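Order-wise, the sequence lines are chains A and B. Okay, so the first sequence: first residue is 1 according to the working numbering, each after it adds one. Okay, so the second sequence: first residue is 1 according to the working numbering, each after it adds one.
Sample of chain A residues lacking proximity to chain B, with all beta carbon distances greater than 12 Å (derived): (1) Tyr23; (2) Ser84; (3) Val124; (4) Ile132; (5) Leu138; (6) Phe142; (7) Ile231; (8) Asn237; (9) Leu245; (10) Thr266; (11) Leu277; (12) Gln280.
Label-pair restraints from in silico Cβ distances: (13) B/Lys177 / A/Trp196: 35 to 43 Å; (14) A/Gln280 / B/Arg107: 34 to 42 Å; (15) A/Arg182 / B/Gly21: 22 to 30 Å; (16) B/Thr174 / A/Trp196: 39 to 47 Å; (17) B/Gln171 / A/Ala16: 43 to 51 Å; (18) A/Arg182 / B/Ile195: 23 to 31 Å; (19) B/Lys177 / A/Met130: 49 to 57 Å; (20) A/Trp196 / B/Val170: 41 to 49 Å; (21) B/Ile195 / A/Ser278: 46 to 54 Å; (22) A/Phe36 / B/Arg107: 54 to 62 Å; (23) A/Ala16 / B/Val170: 41 to 49 Å; (24) B/Lys177 / A/Leu125: 48 to 56 Å; (25) B/Gly21 / A/Leu122: 32 to 40 Å; (26) B/Gly260 / A/Arg182: 52 to 60 Å.
Partner residues aside, some chain B positions facing chain A, computed with beta carbon under 8 Å: (27) Ala50; (28) Gln71; (29) Gly73; (30) Ile77; (31) Ala78; (32) Met79; (33) Phe81; (34) Asn83; (35) Tyr87; (36) Pro88; (37) His89; (38) Phe98; (39) Gln102; (40) Gln103.
Keep in mind that the hints were calculated from the coordinates and are not lab data. What you are looking at is a predicted structure, and each value in this text was computed from that prediction instead of being measured. Don't be surprised by glycine CBs; every beta carbon is placed ideally from N, CA and C.
Now for the letters of each chain:
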Amino acid sequence: MTLANASKPILRRDEAGGETVRYALFVLVAGLVALFFLMPIVWSIANSFKPAAEALADPVSLVSSAFSLENYRRLEGVGAGWTSYAANSVVVALGTVALTVLVAVPAGYGFSKFRFPGQTLLFVLVMATMMIPFQSILTPLFLILKWLRLQNSLFGLVLIYVTFQLPFSIFMMRNAFDAVPRALIEAARIDGASQWTILRRIMLPIALPGVATVAMFAFLNSWNEFLAALIFLSDQNKFTLPIMLVNVSSGIYGIIDWGALQAGITVTMVPCIVLFLSLQRYYVRGLTAGAVK
Amino acid sequence: MARLELKRVIKSYGNYEAVRGVDLDIADNEFVVFVGPSGCGKSTTLRMIAGLEHISGGEIAIDGRVVNRLQPGERDIAMVFQNYALYPHMSVAENMSFCLEQQRMPRAEIEARVRRAAETLHIGALLDRRPGQLSGGQRQRVAMGRAIVRNPKVFLFDEPLSNLDAKLRVQMRTEIKRLHQLIPTTTVYVTHDQIEAMTMADRVVVMNAGLIEQAGPPQELYHHPASRFVAGFIGSPSMNFLDARLEISGDDLVLVLADGLVLRVPEAKWARYRPHADEPVVFGIRPEAMSGTGGRAGAVALEVTVDLVEPLGAATMIYFDLAGATLCASIEPEHAPAAGSSMTLHLDMNRMHLFDAASGRAL
Chain A
1 MTLANASKPI
11 LRRDEAGGET
21 VRYALFVLVA
31 GLVALFFLMP
41 IVWSIANSFK
51 PAAEALADPV
61 SLVSSAFSLE
71 NYRRLEGVGA
81 GWTSYAANSV
91 VVALGTVALT
101 VLVAVPAGYG
111 FSKFRFPGQT
121 LLFVLVMATM
131 MIPFQSILTP
141 LFLILKWLRL
151 QNSLFGLVLI
161 YVTFQLPFSI
171 FMMRNAFDAV
181 PRALIEAARI
191 DGASQWTILR
201 RIMLPIALPG
211 VATVAMFAFL
221 NSWNEFLAAL
231 IFLSDQNKFT
241 LPIMLVNVSS
251 GIYGIIDWGA
261 LQAGITVTMV
271 PCIVLFLSLQ
281 RYYVRGLTAG
291 AVK
Chain B
1 MARLELKRVI
11 KSYGNYEAVR
21 GVDLDIADNE
31 FVVFVGPSGC
41 GKSTTLRMIA
51 GLEHISGGEI
61 AIDGRVVNRL
71 QPGERDIAMV
81 FQNYALYPHM
91 SVAENMSFCL
101 EQQRMPRAEI
111 EARVRRAAET
121 LHIGALLDRR
131 PGQLSGGQRQ
141 RVAMGRAIVR
151 NPKVFLFDEP
161 LSNLDAKLRV
171 QMRTEIKRLH
181 QLIPTTTVYV
191 THDQIEAMTM
201 ADRVVVMNAG
211 LIEQAGPPQE
221 LYHHPASRFV
231 AGFIGSPSMN
241 FLDARLEISG
251 DDLVLVLADG
261 LVLRVPEAKW
271 ARYRPHADEP
281 VVFGIRPEAM
291 SGTGGRAGAV
301 ALEVTVDLVE
311 PLGAATMIYF
321 DLAGATLCAS
331 IEPEHAPAAG
341 SSMTLHLDMN
351 RMHLFDAASG
361 RAL
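The shape of chain A in the complex, shown without the other chains:
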């Protein structure tokens, strides 16, 4: 009896010790993995604030002794200036977000809460377009835009992005609306609400995480897209940030200006990071909507 009592605290200390070691190991491994993923971002940001000479110095150093905005100033001299390209990117990304949400929300609501002939076939057809490689239909898309007189137009580019964003967005919104109990719609119908009121006042606020997810994906994809923007835009003043990054070069031989390029990368990725971090709470809830009751 005495022995048993005496041994108990020792066992507990051992267990606690083991737990601490396991936790420390977990933190160490997680920290290393996080560092691995964060390094390119940190590297870009750090390099963007170095003087031009230090950007190519050997041996390289992460943090410079001299803080400089020289790279950002040089970026202003690239083509029409980085602010113009950033403005174009903002217009295209916000336009894509607005149009995608405007179409995907009612479409997802329709697929989720209404039954109509050919519903499954139509949904499968919409989903099937996700399997078509974007690059394979660039030529017909170009011809369509030309016919619509929308080539070399930011609005035309927005339409292209919305087209490719819609299948996933409709799928997301359908899932988001599926997770809303049918009884809420029925209660609202009994309360005398119209379909529009039900969608606006009941369904949409509840399915907001889904909308946030759709909006975020639309923003990130259109913000970062390169190939379509390169092909459908020919006027230098209408280029978006990813195209600007390719054009960041200096000298008559087109040597890449690494310092300015890092500044450009920083300018391009910061809005994405801010948006992702601010919406991640909704984003996770949106993706898992309907997974469990």
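Using the hints provided, position chain B relative to the given structure of chain A.
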């Protein structure tokens, strides 16, 4: 005045008829409870009254006006759902005022009505909370509040207590009944719980396989069930049934059970049952029609071996085998034997029931 009439109401899904012609006339301020097993068509009937399901055939009229083609919001009804169906992103006050806003009622009138309803249901302190911050019972009250603010012609309840624990269910049952007394309104209440039906209803409608088996006051259904189904569904524990044959033995009318046991039918019932002599019947007797003490006129004494004893406090349930079936008797606790022992059980044959063996209709 809000009379609710259902005339030959049918609901079919393809070839399957969920509701097969329901006829019912519900009087103004009457509290009617639809009860029956899962899939009997009770909820579908309620949803047709609400306008949430299309009516495949027949007619539903509220206050003399046929509502078949009216939208739910145009029927002047209010419904309390099984899962409450409160809008999770709105506060309690917003939940309650939503329907009034749809009617474009002046803000001051909306606030006055919400306040009044909240006082009636004792949820005044919860008006600023969201449904997620409420307990099950509080949510139930808010759902009822949402229904009463609009002062509807008909209240519809779709198994509103089934998500609550047993104690709260009993409490809310009383509150709904009290609310009906306070605000008399025509009410249709759906449940699968026969105790809820018995305790709350002015009239109980027992449904089975899409049809009304019997509609009547609770006591009538208990004492005079129209069929074996109703007899088995109403009452807890449910009625015991034994296959038997009705025979004339000399001057007596007797029941011969499957194992040859003979039970004498009381004289008072001869006129009713004699025409069915020599027919196979089902003998029904409620657990509470059996007793550990004799002495009553028309009682038959049986020697049984008790298999299982369930003391409930006020009564003790005993289970025993008779004529190839397991029977339950509710006896006085002081006469309860131990499991495995024998006892003399007295069957009050004046409270016996007989049903046609083929159709199940009461004889």
